[in-house]
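*Asks:* Could you slot chains S and Z onto chain H? The hints should help.
These protein sequence lines map, in sequence, to chains H, S and Z.
First residue of the first sequence: 1, per my numbering; consecutive thereafter.
First residue of the second sequence: 1, per my numbering; consecutive thereafter.
First residue of the third sequence: 1, per my numbering; consecutive thereafter.
Among these hints, one or two may not hold up.
As the list claims (entries may be wrong) - Listed below are the simulated SDA-like cross-link pairs for lysine to any residue, each with C-alpha atoms no more than 20 Å apart in a straight line: (1) K179(S) <-> D520(Z); (2) K373(S) <-> I29(H); (3) K110(S) <-> D494(Z); (4) K193(S) <-> E36(H); (5) K82(S) <-> Q441(S); (6) K21(H) <-> I42(S); (7) K193(S) <-> S13(H); (8) K70(H) <-> A156(S); (9) K25(H) <-> K248(S); (10) K171(S) <-> R79(Z); (11) K21(H) <-> K221(S); (12) K435(S) <-> P84(Z); (13) K446(Z) <-> F518(Z); (14) K248(S) <-> K194(Z); (15) K110(S) <-> R79(Z); (16) K193(S) <-> A71(H); (17) K14(H) <-> A156(S); (18) K191(S) <-> M78(H); (19) K191(S) <-> D73(H); (20) K4(H) <-> K208(S); (21) K328(Z) <-> F269(S); (22) K221(S) <-> K195(Z); (23) K157(Z) <-> K205(Z); (24) K38(S) <-> F526(Z); (25) K194(Z) <-> N282(S); (26) K25(H) <-> F49(S); (27) K171(S) <-> F518(Z); (28) K21(H) <-> E50(S).
By construction, these hints were calculated from the structure, which means they are not laboratory data.
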Amino acid sequence: MTNKMILVPGRSSKQGTSLNKGKLKEEYIDVTSTLEVNEEDMKRLGLSDGDQVRLSNEIGQTIVSCVGKKATDLPEGMLFIPYGPPSSQLMDGDTAGTGMPMSKHMEVNIEKVST
Amino acid sequence: MSENIKTVESATCTFCGCVCDDMDLTIDMDEKKITKAKNACILGKAWFFEHTIDHDRPVAMIDGKEVPVDQAIEEAAQTLTKAKFPITYGLSDTTCEAQKEAVAITDLIKGNIDTTTSVCHGPSGMAFQGVGESTMTLGEVKNRADLVIYWGGNPAESHPRHFGRYSVIPKGMFVPNGKKDRHIVVIDVRKTKSAGVCDQFIQPKPGKDFELLWALRALVKGKKLNKDIEKITGVSMQTIEELVERMKNCRFGVLFFGMGLTMTRGRHFNSGALLSLASDLNEFTHFVAKPVRGHGNVTGADNVVSWQTGYPFGVNFSHGFPRFNPGEFTTVDVLSRGDADAAMIIASDPASNFPKAAIDHMHRIPVISLDTKQTCTSKLAHVAFATSTYGINTTGTVYRMDDVPITLRPAFDSPFPSDKEILEKIRERVHELVKQKRNKQSGVNA
Amino acid sequence: MTNELRIASGKVYDPANNIDGEIRDICVKDGRIVDSVSDSATVINAHGNVVMPGGVDIHCHIAGPKVNLARKLQPEDHRLDPHPATEHTRSGTGGIVPSTFATGYRYATLGYTTAFDAAVPPLAARHVLEELHDTPVIDKGYYILLGNNIFLQNLIKEGRKEELKQAVAWWLHASKGYTCKLVNPGGDEPWKGKKNSNVKDIDEKSHEFEISPRMIIDSFIDVANELGLPHPPHVHCNNLGHSGNFETTLETMKTAGDRRVHIAHIQFNSYAGELGKNPLSAGREIVEYINDHPNISCDVGQVMFGKSTIMTADAPLAYMLKGYTHAKWVNVDTECESGCGIAPFNYQENIYTHALQWAIGLEIFLLSKDPWRVVLSTDHPNGGSFMSYPKLIKLLMDKNFRDEEIKRVNQKAMAKTFLGELEREYTLNEIAIITRAGPARCLGLKNKGHLGVGADADITIYDEQEDKELMFNAPRYVIKSGHAVIADHEFTTDFYGKTLHSTQEYDSSIEDIIRPFFDDYYSIRFDNYAVSDAYLHDHEFIPMQKS
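Okay, chain H solo, but in the shape it has when bound (with noise of 0.2 Å):
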């Protein structure tokens, strides 16, 4: 099953001090691979906390494990991660003239991998 939802990567206290440690180690690679799921919209996806996603728009496709949230913080729809190389996968480079690339708000489909 596939669905449209909003990705909002940004920054965390979590991917601030993994980078410091370096970006090619793993806490950076698994703070920036793990995304925030609605706990209404995980339930509707049929997700557990640790189950593999793909999101893939027309630009690219990236696969990252998701983690449920309150819906106080985080409204349905919306998907949050610390970007980093799988948030970039989906982004445009059509910056529309301003050099700023669609960092946030990227329409995405998310479905659940099958392990």
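*Replies:* The following block gives chains S and Z in isolation, referenced to the frame of chain H:
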């Protein structure tokens, strides 16, 4: 831990744009390691503790193989001078002294220079060029602000000491009770950790910040709003009206803003709307705004590139003088479109964070990288330099997010050269090569 | 290549040494003017040329956070005026706020070799030094904004005179400044703390600090005197730009008594008329006071038609002007120290007020009896670009040209001045005074602005021409510290000048009083505030003057 301990007081952390200069460091000089960082936040501690000497890493590599530094310098200089559209990018995590070398090199090779600003607050810089900005140094917020609004940012996780050192908690000259004398508002599409400090949280719909800002502006200017603003923005008319009243009647108001505005639908229009709102409010009271800058010295990069070229980022020298055009000369574009045929990346990791099309192109062109740690960019680089860390191993000048210039106090030496030293050597060699080329073209023997 | 130079047979104007158009040689060795040089000296044939000391700009805004914001603000202006690199020189952009390399090179192309940035908040001194370090050719310095410094205002309020003196000395030392600058003293607090209001009367006491602008001005004049600063407090008077403000200016000058003070861009403070209504000229009243009081010096702040940029620590003024232009505007509050406002601007011949301002500036020049104390400036870029100095010189030297220009401007304004009746034409000697010898003397620079033995070898050689604008626009040679940086109208080398500062000795116990203030009210650590000597690069300390 050894007995050989040194302390450095009033050192500066350059991890984020807060550039806190009240770091009191304890250093184990035998292990070349910072063991305590008094006053540092969780990010600052990681910054100080994790930047140790990596004795295994070679200073210079060509295509992944260790080479003498001079050979790498030569290869870098040759690569840059042979290219038709060489670009320089990054610069926000290094000293102003290094940034100046980078501009000098790019001027000589008639290349393209851009900083991480273009993917951070570049849109705010563009908005600034359009509408100006009413702003302040952070001490004014500490001393005067009774209304502080954060829009599209999450300082609790990206700038952890912002609240505590500058804008929410501190007692100031005219804010004797600190937080109690202030009303804090957080406006964001998702409720982040930052909402924990605020008195009021407002949650607009994603991609509707511009509409909300414009509605606030309209009310400040005495216009009427259509009720459908509620449906459009997801914010009630009452909340909007009350916020406007609060802004007009405060004594000293501040709007801080972040990537939630610059990286989303509207980009510089969002920043421009916010800056205009802050400026408009000065009809009623004293109101200022400030983009919350991400990296330790991105403000320095803005300043250096601006004073040396006239433009803050996205600068091209191919005609022999600086030209500016976001979208044309900004790095995401020159890479995504495949314009660049060589790239020098300094203290930055676009191979991690840039759009896919740009990363793909980076694999196709010779890249020269200077970085303190291994990154995706240094891994794919043709010439890679391992450099020492500014503020930990080297001194230099940095600019805080509010343009306050600070001199770094290093903790311990590093066997690795600084960015400035490497760039200086590259510049000297590039200068020779350019001169040779010029003499050859005019038929003169050097 | 020898370091000896002989400039032969030029027509020399060296007013400080009473040389008025004499044909004589000027000799240079090791960067200084000397009596004679050996036969192996390089000879520049200056036959038919005018030889003057290099120009000294006593009041301009060329480096620092305010300037850089104004620079960043106007890409559309830079785009029209590229500054290409050459074999010897860096590239840049021009327009009304040129980039740093372009600024230095362009000052050099006018024959200027020294310039002082007029307003630097000490918190940003490091920034100013960095930009000046990237400003080629000229020697440079700056005045530090202290008139709205909260710590110092507290000392003034409490009558702690000795501590005030030590604190000012400490501040000059910490920021490597040249003298104290006062801008709209007392006006910062109402702007930031009282919903954008301002101080209007020189004797109006502020609510927070219970001191008046006059008390601030008086205190700094005292301190500067006691410290023996080479240049007195440099004052941007209250009520700048408002009709009727000449009274404030007179009161400011009277406050000095017979002690030295320098009034900045005095034209902007020479208006009669009723507040809120069209201004009238009070140029005569202002100049007469200056003529009669040898302790007063000023720079004119001439308005030149065309593009300008308002950039000033007088934040309320910039905001007021934004109300006219309805264009982009920048405001920057610097904690505990100063304000700042920036507004792109345009002076137009057909607008009454602009034409009047233009005329008042010229009246002041033409009525001045002492060119040593009424020196040339446009308050670049507030009144106009420094690139307009040659045209201004022509206006002063050529009555016919002046008359033609008068015909082109708003005639209602001309009817309110007597500019048309003033026949005076400045001589080359007088131009040499108002652009070189006079500012150097005002600044206490013993080795600048003249060509006597021992002076810095900063020399400009102009082709003598009928059209003085053409002449002053393109010197044939510009020699800086003995190097012919420009020869036959072309740059021959890149060169960087010195930082001039008047850093004082002070009683270090004052730090025990300043430090707690920093801990409470600044956002950087006290220990990180003072600028290290490393930022001075090549520099010269200008000693105190014993009165």
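*Asks:* Hint by hint, note whether the structure agrees.
*Replies:* Hints, one by one, checked against the model:
With a CA separation close to 16 Å, the supplied pair K179(S) and D520(Z) stays within the 20 Å bound. At roughly 15 Å between alpha-carbon atoms, K373(S) and I29(H) fall within 20 Å of each other, so this suggested pair holds. Only pairs whose Cα atoms come within 20 Å are accepted, and K110(S) paired with D494(Z) is accepted, the gap being roughly 19 Å. Note on K193(S) and E36(H): the hinted pairing holds, with a Cα-Cα distance of about 14 Å set against a maximum of 20 Å.
Proximity of K82(S) to Q441(S) is assessed by CA-CA distance (about 15 Å); at most 20 Å being required, the pair is judged to hold. Between K21(H) and I42(S) the alpha-carbon distance is near 13 Å, which keeps this suggested pair within the 20 Å criterion. Annotation: proposed proximity of K193(S) to S13(H) holds, straight-line Cα distance about 10 Å (limit 20 Å). As the CA atoms of K70(H) and A156(S) are separated by approximately 19 Å, the hinted pair is consistent with the 20 Å bound.
Taking the CA atoms of K25(H) and K248(S), the gap is about 49 Å. The hint is violated against a cut of 20 Å. For the given pair, K171(S) sits about 45 Å from R79(Z) by alpha-carbon distance, which is inconsistent with the 20 Å threshold. A distance of roughly 49 Å separates the Cα atoms of K21(H) and K221(S); the hinted pair therefore is violated under the 20 Å criterion. A hinted pair counts as satisfied when its Cα atoms are at most 20 Å apart, and K435(S) with P84(Z) qualifies at roughly 16 Å.
At most 20 Å may separate the alpha-carbon atoms for a hinted pair to count; K446(Z) and F518(Z) exceed this at roughly 37 Å. At most 20 Å may separate the alpha-carbon atoms for a hinted pair to count; K248(S) and K194(Z) meet this at roughly 13 Å. About 17 Å separates the Cα atoms of K110(S) and R79(Z), which keeps this hinted pair within 20 Å; it holds. Taking the CA atoms of K193(S) and A71(H), the gap is near 14 Å; set against the 20 Å cutoff, the hint holds.
In summary, the hint linking K14(H) to A156(S) is supported, as the alpha carbons are separated by about 12 Å, within the 20 Å threshold. Distance check on the hinted pair: K191(S) and M78(H) sit about 12 Å apart at the alpha-carbon level, within 20 Å; holds. Taking the CA atoms of K191(S) and D73(H), the gap is near 5 Å; set against the 20 Å cutoff, the hint holds. Straight-line distance between C-alpha atoms of K4(H) and K208(S) comes to about 19 Å, which keeps the hinted pair within the 20 Å bound.
Under the criterion of a C-alpha separation no larger than 20 Å, the hint pairing K328(Z) with F269(S) is consistent with the structure, at around 15 Å. Between K221(S) and K195(Z) the CA atoms are separated by roughly 17 Å; this keeps the pair inside 20 Å, and the hint holds. For the hint linking K157(Z) to K205(Z), the alpha-carbon distance of about 10 Å falls within 20 Å, and the restraint holds. With a CA separation close to 17 Å, the supplied pair K38(S) and F526(Z) stays within the 20 Å bound.
Under the criterion of a C-alpha separation no larger than 20 Å, the hint pairing K194(Z) with N282(S) is consistent with the structure, at around 11 Å. This hinted pair checks out: K25(H) and F49(S) have alpha carbons roughly 16 Å apart, not beyond 20 Å. A distance of roughly 13 Å separates the Cα atoms of K171(S) and F518(Z); the hinted pair therefore holds under the 20 Å criterion. Proposed proximity of K21(H) and E50(S) is supported: the alpha carbons are some 5 Å apart, at most 20 Å.
Violated hints, listed in ascending order, are 9, 10, 11 and 13; each of the other numbered hints is respected by the structure.
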